[in-house]
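Colleague: Residue strings, one per chain:
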Amino acid sequence: MQLSDEELGHLERLARLKLDGESREKLRGQLERIIEFVKQLQAVDTGRVTPGADTGTHEAFYREDGTGACLERSEVLGQAPETKSGMFSVPPVIETDDT
Amino acid sequence: MREAEYEPVIGLEVHAQLLTRSKIYCDCPATFGAEPNTQVCPVCLGLPGALPVLNREAVSMALLMGLATKCTISPVSVFARKNYFYPDCPKNYQISMYDRPLCANGYIDIETDGETRRIRIERIHLEDDAGKLIHGEGGVSLVDFNRCGVPLIEIVTEPDIHSPAEAYVFLTNLRRLVRYLGICDGNMEEGSIRCDVNVSIRPVGSGTLGTRTEIKNLNSFKAVEAGIGTELERQERVLRSGGRIHQVTNLWDASKKRLIMMRTKEEAHDYRYFSEPDLPPLVVDRSWIDGVRERLPELPGERERRFIDQYHLSAYDAGVLCAERGVADYYEGVVSDVGEPKAASNWVMREVLEELKNPGSSIGEFPVKPEALAVLIRLVMDGMVSGTAGREVFKEMLRSGEGAPTVVERLGLRQVSEGDELEAAIDRVLDENPKEVERYRTGTTKLFAFFVGQVMKETGGKANPRVVSEILKVKLGD
Ligand SMILES: [Zn+2]
Chain A
1 MQLSDEELGH LERLARLKLD GESREKLRGQ LERIIEFVKQ LQAVDTGRVT PGADTGTHEA
61 FYREDGTGAC LERSEVLGQA PETKSGMFSV PPVIETDDT
Chain B
1 MREAEYEPVI GLEVHAQLLT RSKIYCDCPA TFGAEPNTQV CPVCLGLPGA LPVLNREAVS
61 MALLMGLATK CTISPVSVFA RKNYFYPDCP KNYQISMYDR PLCANGYIDI ETDGETRRIR
121 IERIHLEDDA GKLIHGEGGV SLVDFNRCGV PLIEIVTEPD IHSPAEAYVF LTNLRRLVRY
181 LGICDGNMEE GSIRCDVNVS IRPVGSGTLG TRTEIKNLNS FKAVEAGIGT ELERQERVLR
241 SGGRIHQVTN LWDASKKRLI MMRTKEEAHD YRYFSEPDLP PLVVDRSWID GVRERLPELP
301 GERERRFIDQ YHLSAYDAGV LCAERGVADY YEGVVSDVGE PKAASNWVMR EVLEELKNPG
361 SSIGEFPVKP EALAVLIRLV MDGMVSGTAG REVFKEMLRS GEGAPTVVER LGLRQVSEGD
421 ELEAAIDRVL DENPKEVERY RTGTTKLFAF FVGQVMKETG GKANPRVVSE ILKVKLGD
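Protein chains in written order, with my numbering: chain A, 1 to 99; chain B, 1 to 478.
Don't read these hints as lab results, they were simulated from the structure. Among the clues, some could well be false.
[Claimed, not checked] Pulled a few chain B residues facing chain A out of the computed Cβ check, cut under 10 Å:
{"hint": "1", "residue": "F85"}
{"hint": "2", "residue": "Y86"}
{"hint": "3", "residue": "D144"}
{"hint": "4", "residue": "L279"}
{"hint": "5", "residue": "P281"}
{"hint": "6", "residue": "V327"}
{"hint": "7", "residue": "V375"}
By construction, the Cβ of each residue, glycine as well, lies at the ideal position given by its N, Cα and C atoms.
If we strip away everything but chain B, and leave its shape as in the complex, we get (with noise of 0.2 Å):
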C-alpha cells in the first residue's frame, strides 16, 4: 500500500559522442584514447584569437538522430554560449545551443512488460564536450583537453519515465539506435554515452510536478537504474516524515552504491546564455535533410517488427538477433543465402553470438561469412551432416577459415544414410546382441533405444538417428 500512494517522474539528459573524425569547431582528431594533450590546438584550448568553424558532419549526425527519432529539425538553429568556470572547459564557455536547438519534439518507443510506452524528445542539440578531470595523488586534479571540442549531442527526454526499470530500457534502446545509425560507438566506459536524470516524486494522480533533483556521474546504465531507486527511496522518505524536497545536485557513488550530496553553495546556476558572437545561425535547408534521409537505414525496432513478420521469429529471438545492426545483417545474409529462416536463428545466435562473446571479436570481421555458414546449414537440413557434428564443423571453420564441405570431408563427418554400410552396421549390431533381440521381440520395446544407440557407435556417430530407427523398425519385425 505503501508503494502505490507516490509516482516518480525521470527525466534523462543524455550526452552521445559523435563518430566524426575531427572535432566539431577544429580540425583536431576526436579519436578516444591518445596520449593526454596531444590532441589540441589552439580552438579547442580556447586561446585568444582562435575562431571555431563548424563541422558539416557533425551536424549531419545530430540530422540523422533527429530523422530517427521523428523530431522536427529546425530551419534555422543557433549556437549559444554557456558561460561556467571549471578546469576542465579552457575557455570558460561551452558552445551549445539554447532556446533554438536543431531538432525538437521528437519520441522513441520503447517495449517494457510487453507494453509499448511513447518517452517523447523534448530536445536534441550540439555542443562540444569538456576535458577530462583526473583526481590525481595529494589532493590535486589533472587535466587533459584531448576531449575538448569533441562533438556531443545532448538529446533530453520528457518527464515520461516512471521507473527506474524503464529508464534503463529507454537508455538500452537510445544505445542500439545511435550504434544503428553509426554516430555514436554507445561506450559507456570510454564515456561515449553519459548520462543525467532529473527526478522528482508526486502523489499518484497528482496534475502538478514535485521538486526535482539531479544525478550525475552515472558510469553505467545500471548506475542510472540504481542511482533513480536510491534517490526515489530518499525523497519519499523526506517526504513521509514531513519534510520538504531541495533543488540538489547528487553525484552518484559507483563503489559505495550511494548518492553523494554537492554543495549547494558552491554552484552558480546562472549560465548566462547568449547567441555564439563566433558563429553564424546554423542555417538546415530541404536538400541538406533530404541528404541525410537518404542515409538513415532500417530503424531497429521497425527491424524487429519485420523480423517477426517476415521470418515469423519470436519477439525474443527478433530482439536478440537485432540488438546489433551488424548481427542483424549477418542473419539476413545468411537467410537470403538458405532460407531457413527459424533454423538461421538458431545457428546465428548460438553460434555466433556464442563465439562474439570472446574478447576482440566482432560480427563485422567474423571469420565464418554468412555465405558460408548458410553452406553448413544446408547440409544440416538435408541430413548430410548430423546437428551435433554441424556444431563440431563450425568451430574447424572458424579456425580454419575453410569451408563447410571441405571441413565434412577432411573430418570424416558425412552423415551415413543410406546404403549398404549403414545396413551392415544395423546388421552386425544385431548379430551382436541376439539376447537383446530376443528381449526386445519378447516385449521389452524399452531396448529400441539401446540398439540406436550401438548402431550410432558403430558408425562413429555419422549415422542419420532417424533413418537408423526406421530400418530397425523393419530388421526388428515392428
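So that you can see chain A by itself, here it is in the shape it has in the complex (with noise of 0.2 Å):
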C-alpha cells in the first residue's frame, strides 16, 4: 500500500500537523504498515460470526432523571490554556469560501 503525497497532505491538514522531510517520510511508512496491519484483519472470514455490539455480558442499567452536582466552573477552566468569559477560548474554527 503506497499513501500517495495528496492522501497524505489531506491527513496532515485534518490533524493540523505539518510535517517535512524525514518525519514526513518516517510517517508515510509507518502508516503504510498499519494499513498492511488492517488488510490482514480485513482478510479474516467472519462470514459466519454473529455480528456483537456488546463485548461484555453485562445487564442494561439506567439512571432515574434527577440531577446531581457539577463540577466548580473554575476547576472546569482550570483544564483550558486560555479563557475568556467563564468560556475556554479556542481558534476560530468555521473557514468559508464565499459562493
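Starting from the two chains in their separate frames, assemble the complex, guided by the hints.
Modeller: Listed below in C-alpha cells is the structure:
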C-alpha cells in the first residue's frame, strides 16, 4: 500500500500537523505498515460470526432522571490553556469560501 | 415552462432537545440559560476514566416520539461512537446510534394546499448534544460546554418533501407534535429544535436521485424555507448551464439571506462509527413500551379532526385551537361547561389568543379559567350582557380576577331586555323626536336605525338591540 503525497497532505490538514522531510517520510512508512496490518484483519473470514455490539455480558442499567452536583467552574476553566468570559478560548473554527 | 422541468427532492434531519431534568449520560442539569461552564462534570466533559450512564427518561421520551409517528420500535438498539474533532465536543466523539436506531419506519401526515401528504420518517435515534461555540472578538471562538450531553432525538425523514413550503409545514407539524408530547419546548431561538436539510433536484419523472447538497446553520423554520429555495435555484442554474452538482455543505447566513459554501477540504467524511463500548445495547421490552403508550396524549392531527366532527368547527378554527395543547384543553374546558362550541371558539380565538400574544403570558397560567369564561359566555348567550359589554367584562375579569356576574353588577353592564325600564326609555325617545316619528310613519323607514340608536344611547348601551327593535316596531305601528 503506497500513500500518495496528496493523501498524506489531506491527513496532515485534518490532524493539523505540518510535517516535512525526514519525519514526513517516516510517518508515511508507519502509516503504510498500519494499513497493511488492517488488511490482514480484513482478510479474516467473519461470514459466520454473529455481529456483536457489546463485548461484555453485563445487564443494561439506567439512571432515573435526577440531577446531581456539577464541577466548580474554576476547576473546569482550569483545564483550558486560555479562557475568556467564563469560556474556553479556541482558534476560529469556521473557514468558508464565499460562493 | 422552465419551472416544470426539474423537481426538488428534500429530506430533513431534525434535532430536538428533550425536556429531561438531567443530561442523557450524566446527572448534570439539562436546563438552558445557566452561566457558561457551570453545568458540567467529568462525564460530559469527557475527562479520562469517566463513564456514561443512560437516563431512562430520555429513552422514554424518544419512545413517545416513535409511537406518535407510528415507528417500529427496535427491541434492541445499539449506541455508537461517532468520532469527530471539533472544539464543541470535548470527548472527541458523540454517543449516537448508527445502524441499529431505536425507532424506524414511521411517518407524519401533513396538509398542504388542502391535500394530505405523508412524509415518511426513516429513523429516530438518541444522542448527546455538543457544546456551544460563540464567535468572540479578535478572531477567537469561545466554548460553553453546558449543552454537552443534553439529550437529543434526531429525526431523519425520507426524501419525501417536494417544496420549500412543504418543508415549512412539516416542521411546524413536528414542532406542534413534540410540544403536545411534552418532550421538547420547540423553541428555535434557544436552539431546542434545529434542522439540517438535504436538497437535490432531478428531471420531472426521473426515478433516480440527483447529487444532494446539505444546508446547515438554519436558525428558524423560515430560514429553512428560504435556504432550500435559494439552493434549489442554484442547483437549477448549475444544471442548466451544463455544470455538475458537487456534494457540498452550505451554511445559511441569516443576516444576508444567502448560502456560504464550506471548504470541502476541511471535512473528514469518515466518522469511524463503532459500537459504544461504555454502554450496553439498549433493550426495550414490551412493558416499557406499554408504559410509554399510556403517556401518549391525543395527537394534534387527530384532535383537529375530532374538533371538526364533534364541534362542527371550520378546519381553520380547529387548526388554530389545536396549535397548542394547552389552548385546545382550555377550549374543551369551556365547552364542557357551557356547550355552545361555536361561541366558545370565537371567545377563545378572539379574546384569549389575543391576550396570549402579550409577552410572558401563557395558557397554563391564564388568569381567566375556562369555567369562568364559560359563565361569561352563558350570560352573553342568555342576553343578560351584550356582546360588546361582554368583551369589556372579560377585560375586567382579566384585570381584577373577579367572576363575570360580579363584574357585570359592579360596572352596571346588565343588559336591559324587558320591563318598564326599557319601555320608558323607548317612550322618552319617541316623545323627544316627534318630527322623526312623523317622517317614519310617512315612509322614511330608514329612520328605524336612528330610533334604535337613540334608545341604546338612552340606556347607556345596556339595552338588548333585538328586544328594542321588537318593541319599537309595535310602538311605531308597523
Ligand atoms: Zn455532566
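Colleague: If a hint holds in the structure, say so; if it doesn't, say that too.
Modeller: Outcome of the hint check:
Using the Cβ-Cβ criterion of 10 Å, the hint placing B:F85 at the interface with chain A is satisfied: the shortest such distance is roughly 8 Å. With a cut of 10 Å, the hint placing B:Y86 at the interface with chain A holds, because the nearest CB-to-CB distance is about 7 Å. At its closest, the beta carbon of B:D144 sits 5 Å from a beta carbon of chain A; the interface hint therefore holds under the 10 Å criterion. Proximity of B:L279 to chain A holds as hinted, the smallest CB-CB distance being about 8 Å (cut-off 10 Å).
For the restraint placing B:P281 at the interface with chain A, the shortest Cβ-Cβ distance is roughly 5 Å, inside the 10 Å limit, so the hint holds. Among the interface hints, the one on B:V327 is violated; its C-beta lies about 28 Å from the nearest C-beta in chain A, farther than the 10 Å criterion. With a cut of 10 Å, the hint placing B:V375 at the interface with chain A is violated, because the nearest CB-to-CB distance is about 40 Å.
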